[in-house]
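2 protein chains.
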Amino acid sequence: MALIVQKFGGTSVGDTDRIHNVANRIKTYYTQGHDLVVVLSAMGKSTDHLVSLAAALSQRPSKREMDMLLSTGEQVSIALMAMALESLGVPAISFTGAQVGIRTNNRHTDARIESIDAERIRASLAQKKVCLVAGFQGVDEEFNITTLGRGGSDTSAVAMAVALGASECEIYTDVDGVYTTDPNKVPEARKVERISYEEMLELARLGAGVLHSRSVEMASKYGVTIHVRSSFNNSKGTLVVSEEQVMEKVLVRGVSLKSDEARISVIDVPDRPGLAADLFSRMAEADINVDMIVQSTGRDDHNTISFTVPQKDLLQARAMVQEWISGLGKGDIEVEEKVAIVSAVGVGMKSHSGVAAKMFQALAETGANIEMISTSEIKLSVVVHPDQGRKALEALHKAFDLGDKNAAAGS
Amino acid sequence: MALIVQKFGGTSVGDTDRIHNVANRIKTYYTQGHDLVVVLSAMGKSTDHLVSLAAALSQRPSKREMDMLLSTGEQVSIALMAMALESLGVPAISFTGAQVGIRTNNRHTDARIESIDAERIRASLAQKKVCLVAGFQGVDEEFNITTLGRGGSDTSAVAMAVALGASECEIYTDVDGVYTTDPNKVPEARKVERISYEEMLELARLGAGVLHSRSVEMASKYGVTIHVRSSFNNSKGTLVVSEEQVMEKVLVRGVSLKSDEARISVIDVPDRPGLAADLFSRMAEADINVDMIVQSTGRDDHNTISFTVPQKDLLQARAMVQEWISGLGKGDIEVEEKVAIVSAVGVGMKSHSGVAAKMFQALAETGANIEMISTSEIKLSVVVHPDQGRKALEALHKAFDLGDKNAAAGS
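Taken in sequence, the protein lines are chains B and S. Okay, so the first sequence: first residue is 87 according to my numbering, each after it adds one. Okay, so the second sequence: first residue is 87 according to my numbering, each after it adds one.
Please keep in mind that the hints were generated in silico from the structure rather than gathered at the bench. Just so it is clear, the structure is predicted and the values come from calculations on it, not from any experiment. A couple of the hints might just be wrong.
[Said to hold, decoys possible] Result set (DSS-like, lysine-lysine): computed pairs, CA atoms no more than 27 Å apart in a straight line:
1) S:K113 <-> B:K149
2) B:K477 <-> B:K398
3) S:K214 <-> B:K149
4) S:K149 <-> B:K113
In isolation and in its complexed conformation, chain B is listed as follows (with noise of 0.2 Å):
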């Protein structure tokens, strides 16, 4: 008899069938006497319902307002939940972000949790009810409903583990857990067993998309496991932990590739202190995600900066960045409208040298030609053509024995 924080994702409970499944199977940890929090999500498509009702009223609607709108749909999933369990014969007692006190700062529509008060669900789990609490939102000071962005019930889950002092959040998802890389794009990819904080981070950041990075953030500050598994099944999943408990120790724990990315070049600009830092700045405040950032000083006192941009932000960065030339009055731009981006993560690279070679050598058999070079100190990741990232992929999934387990667990 344990306390569990469980958190369902919006596809878990996208209808009322699914709402029934995920209850059968709370039910089953509840006759087995734990004690169970329960994050959900707002119901499959809903959330972007109201989004598209918001978007017919106003080009730019108020954040607050976006706020107020959306927490709708947590409140609406836990309250069935509640009734799928009452009706199951399992006592259970809804709230809403407000109501468990997750406070927040007043960041609308990506706030970040100050503090939980525990108090009140742990007087209802004394009364041996099932707790569910709506994700994703909270309240700042004012009593004002804030957002935590998407995907942010993840952070809820988590927090609301470390309020309770539970060592583990189970996370459920559409998927079995974390993989090697996209198994619709490697058949070869496989399931990894355990996995380090900062390993899911690199991996989130390059659109893995399985965890909200916030909430791996928190996992590792607080030591809370997290345990990423299907909603569908009953696999043991993916562990998120730190760095001493992943055991088995890898050069590379995942490979990634992104596509949907184009590459801006600022060419023979002046090299003077902090342009570069103004350029991303702008960046940021107009929320254009900039991924790989490679500067390269040339002749004289001029140099080159090569970013990528997501394809969809490019028309506004490349208007952003003229307007910015000409405020330099000097230099120039070159866009490539589409590349891919394709990585490497692994906690293994820290203490290894090699795999920047193992990695460019990969790449060359496939013919891949490399445009830019990023690296940090548990990531590498270049850019190529478009045609040839899929291609570069596999050949990385390969190089470092990712698709097959006895062979990875001895390097």
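Given chain B, put chain S in place with the hints provided.
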């Protein structure tokens, strides 16, 4: 420049086009310099949708969870209206029941408002913001979300008017105002300019359905004028005011017809004190809405009680009565599966005799056979055969000159 409290019902905000139209109407008042507090219902059929989701998961959903579920409908409306107003350049802010301190008792799905903390509304009005308040909902002492029952947004609006010291509350709906009878049944029906709270209450109980009864009771208690009007045009509607403020004195203000009722007669049960109370409290507990009740003592110490229930509740009511009779050890039951109730309502009845005679005369002329009669201070109801209901209604409407404004004014 005044403080105006308005309420728009579900049809008025049924889709984004209608929300946009209402926003334009609000803008007109706003640009005239008024302070505006606008109470909204859930969008058109959204409540029905939520109810059907609940029905798919539970046969008897908990009332607390129903409130949690249904209160999201109004929250969606206020957020969307705030966005629509802002896109028209009108500053606006939305509030849930909890956020403006609409404190109720804890009777879920049928809660009563106990207090409103108007502080936050006043502060936002002072900042020249239109305040959008979620109707139908509040919170109990423990911050559980409660709802006021179907139509409860009317009561929310009147309560806001009371809390803010507004002398009038505009209730926008899909009809022009209160009519002498249902215009779909009697084409000669005319709009009433003023009606007293008492008359409105009786008509509401007869299913006139324009206003939530409790909103009228509250308006009466605090002397708030309710202006019932259409959100689809600019016509002046009907003012619901105190008896003294109803200029045009008439014997009968309106007539109504309720079909879809059934009659149950309990025959020859013992004439013991408390028996009727026992029977009807059972009905109340089962949420069966008993309308007319007539009791007549017969021979010896036995008597007959006849009453009407909605047809949809007949099966359940019949079973309850049969069980009740078994418990008494004596008595019989007689059921008429379909009857019609025709009623006349008017404060004029208080001071004028002869209304009953006139009514019976008119009914006799149509050949209608009166099966039951029930009278109150300002209402007279009779039960007739369902085939005779419509004709009886028309006859009464004519007999009391309701279709002819000039004639009515003189009586």
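For each hint given before, does the structure comply? Return the numbers of the non-compliant ones in rising order. none
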